[in-house]
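S.K.: Assemble the complex: chain A is given as a structure, and chain B must be docked to it using the hints.
Those protein sequences? They're chains A and B, same order as listed.
Counting in my numbering, the first sequence runs from 1 upward without gaps.
Counting in my numbering, the second sequence runs from 1001 upward without gaps.
Don't read these hints as lab results, they were simulated from the structure.
All C-beta atoms, glycine included, are put in the ideal place defined by N, C-alpha and C.
Hints should not be assumed to be uniformly reliable.
[As the list claims (entries may be wrong)] Quick partial rundown of chain A residues pointing at chain B, CB under 10 Å, derived from the structure:
(1) Asn50
(2) Asn54
(3) Leu93
(4) Leu123
(5) Asn124
(6) Ile127
(7) Asn131
(8) Met182
(9) Glu190
(10) Lys264
(11) Gly389
(12) Lys390
(13) Ile416
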Amino acid sequence: MSNFFEKSDLSRSEAENIISDTLQKCDDGELYLENSKSESILLDDNKIKNSSYNSDLGFGFRAISDEVVAYSHSNEISKNSLKQSSENLKSTLKSVKGTYNHEIPKSNKKYYENINPIEQKSLNEKIKILNEVNNYLRSKDDNIKQVTANFLGEQKSVEIIRSGGETLTDVRPLIRFNVSVMLEKNGRKETGVYGVGGRQSYDSYLKDDNWKSVCDEALRIASVNLESKPAPAGEMKVVLGPGWPAILIHEAVGHGLEGDFNRKKTSAFHNLMGQKVASEGVTIVDDGTIDNRRGSLTIDDEGTPTEKTVLIENGILKNFMQDRLNARLMKTKSTGSGRRENYRHIVLPRMRNTMMLSGNQTQDEMIKAVDKGIFAVSFGGGQVDITSGKFVFNCTEAYEIVNGKIGSPIKGATLIGDGPSILKEVSMVGNDMMMDPGIGTCGKAGQGVPVGVAQPSILINKMTVGGTKL
Amino acid sequence: MVKDQEFLEKKASYCLGLAKKLGATESSVVVNNSVSETVNFRNKKLDESNRSDDLGISITTYIGKKKSSISSSNLLDDNLNILIEKCVETTKNTPEDEFNSLPDKDLLAKEFKDLNLYDDTHIENDQKIDYLKKLESAASNDKKIVNTESSFTQNKSNFILANSRGFCAGYKTSSFTASSVTVAKDEKSMERDYEYSSKCFLRDLDDAEELGKQAADQTIRKLSPKKIGSEKIAIIFDKRIAKGVLSTFASSISSSAISRGTSFLKDKVNQKIFSDTINVLDKPDILKGLGSRNFDSEGVKTDTLKLVDQGILKHYLIDTYNGKKLNLKSNGRCGGTSNLYFENGNISFKDLLNSKSKSLYITETIGHGSNIVTGDYSVGATGFLVENGEFKYPINEITIAGNFIDMFKNITLANDLEFKYATNSPTMMIEGMVVAGK
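One chain only, chain A, in its complex shape:
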């Protein structure tokens, strides 16, 4: 745990006084302190291209009065700097007359261990594995023209001090291991990317030469794409594979169920609470409590313990995801979804691990039910316009389905759909729910946070596939 006041002219008790003084008569607010250490080691083009280390320290001071948020952040943890921030907050919130809400739930549960993954493995060992990855892949296939592999490791310590001196802390490890392969054959180039990660040590993901299976998967995707033909254009049935394709759920409905957009009534879902928004059999939860997952958090960035929030239950909209501000204004409770990229940013309600739960059909039944459509196995990124509800995502591995059989692979294409109606088009839910491998980062208002997704195979009756073949 970081001692944020150790090398500062500001003592903890002085900080507490400034916090309490600034936040009296505010409805909410806190001082958020953060110390993060991160590393990146990259192999590319047969060489170690980059070995870098970052250490980031700073605070963000927030005061909330009714709907108004005043925020000030700085890298200098000093008396001067905190006082200046305090003045800044006070000048924004000129006449406050609220009552500070001291209530914050407590929990002893922890969803990851207090470790520093960077120091658990030496630089030389990491470099050795990256070189082995390169040699392993290049000896497997003569068509390999490029291999990129990298380690990203981080330890983030946060401390939240509320008015009255109540303090909440968390230490969050996070790692990611990624491999990207480019193949070239007969003048055609295609890539394949795969990775693993979560809130444990590197070795938890790499033991027993597990890195080889990450390499094999990246190579397999690239090889499939090398044989792909142009994707069709137009509306058709789509079968999604289990796991990572659940970013469809994340984009299509997840963002639209975040508290801020619904309080502001800018989400296409804002007036649909309690109504049927999905086919029967569709249940979606957002869960921050799964051990060691990339999207899990012991407490959120306001200090609220995370939970498993049921968003849609058997087709009916049940809950939005809330931070403290939006929960208060919507007269409900925080779901432990208040997150920020780091101390430079304000808190927003965000997803953690968003999951569609298993049904009882098989992927085989779904494929057989499609005359003409596509089978999408893996995706790159996605995006949503939460107001119109339209969302997209890009296939990185997909196949055509003809008369109930999987056919040739097709080139990367964008799929587009309508968030509020897409889940009503789900006609089969598989029994094969799978978590993603731990690679997702969600962007909102310029802030990236690690998230997870999961789903079983599903059949969607109608989506528009953005290929080039008419």
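M.R.: Here is chain B on its own, set in the frame of chain A:
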């Protein structure tokens, strides 16, 4: 207030000195400070104020051909001592790369023009609030507008770049940015759109009412969109989308993508990749330009480049490392382009709209659908159906797709270029793309 040159220079030279003492044969350092003040409004009321004061330092040390780097937001000497020691230690343990090097001394910038990038004016939050009140009042005039969000940011930054080959320079920049996002609603639909203005000098910023009105108009016209069928059709990209095509072009000619062999434009220098009428310039010395600079992020001087001359690709964007690898000299593009733009075409916006009996005018795309390895492009899109030069009705939930190799050859540009961003394009028409809809 943003830290002065003296403070930043002192930190930079401390780091270079210490790195040398600890065994680095060469090193470079960037120290920067950025102070921003933002006020956000929502539905004509104050919603958020945000002040940020960001310090940062990044150091790269070399021992021969070995290299490593560190960065931190904590500039206290204690912390820098630990980090630089760690950096030098890591450098020793990182394998050699024959192309690792600081820029050649003769390429480093020696002349520093005043590009007029800093406005000393300070705008108080109360003045920002006045601006936003006017903006939101204009934005919410029409009853169809059900939500308005707007924001005003003042940013002042300063930096120093120094290296062990004697380079040490930096300068202050400022920006004033206002934006308006509006939501409109009718019985059938809810739509969102925006308008935005960003300038180095406060006095050049767009009029508040004009900005708010524009955002509202652009949103209202999107209401009650239709979905159209799948077909091959000419696409007209609004300027704010057309600049994205240019950005993808820039990524595809970056020396890193070229040297790694991961760009569809590899080996295309001196070949025709656009039609005869197309010229692309990257001009770093535009006064008050949002991308203007005297040198790149390695200190290499940055001259104007005609990247595409009458359709022919003339240059890659080259940094030191990839330049050495490709056996080419850096042209001062480490960190990317400066003020990048397509020169104006020959026809007016109106004539461009009129040039086809039927086309699609695209105002927004979503998704990450540009693949620079293969040149494939497929994104979600929103816009309008244009018939005989007139906007017929709004469309959405479609995708547009093609391949940049063909798309580049089929570009026609209007003559309505303006310098609103760092990368700019006139309105652009591309024929032969495929729309997927119903």
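S.K.: Output the indices of the hints that this structure fails to meet, ascending.
M.R.: Violated hints: none; all satisfied.
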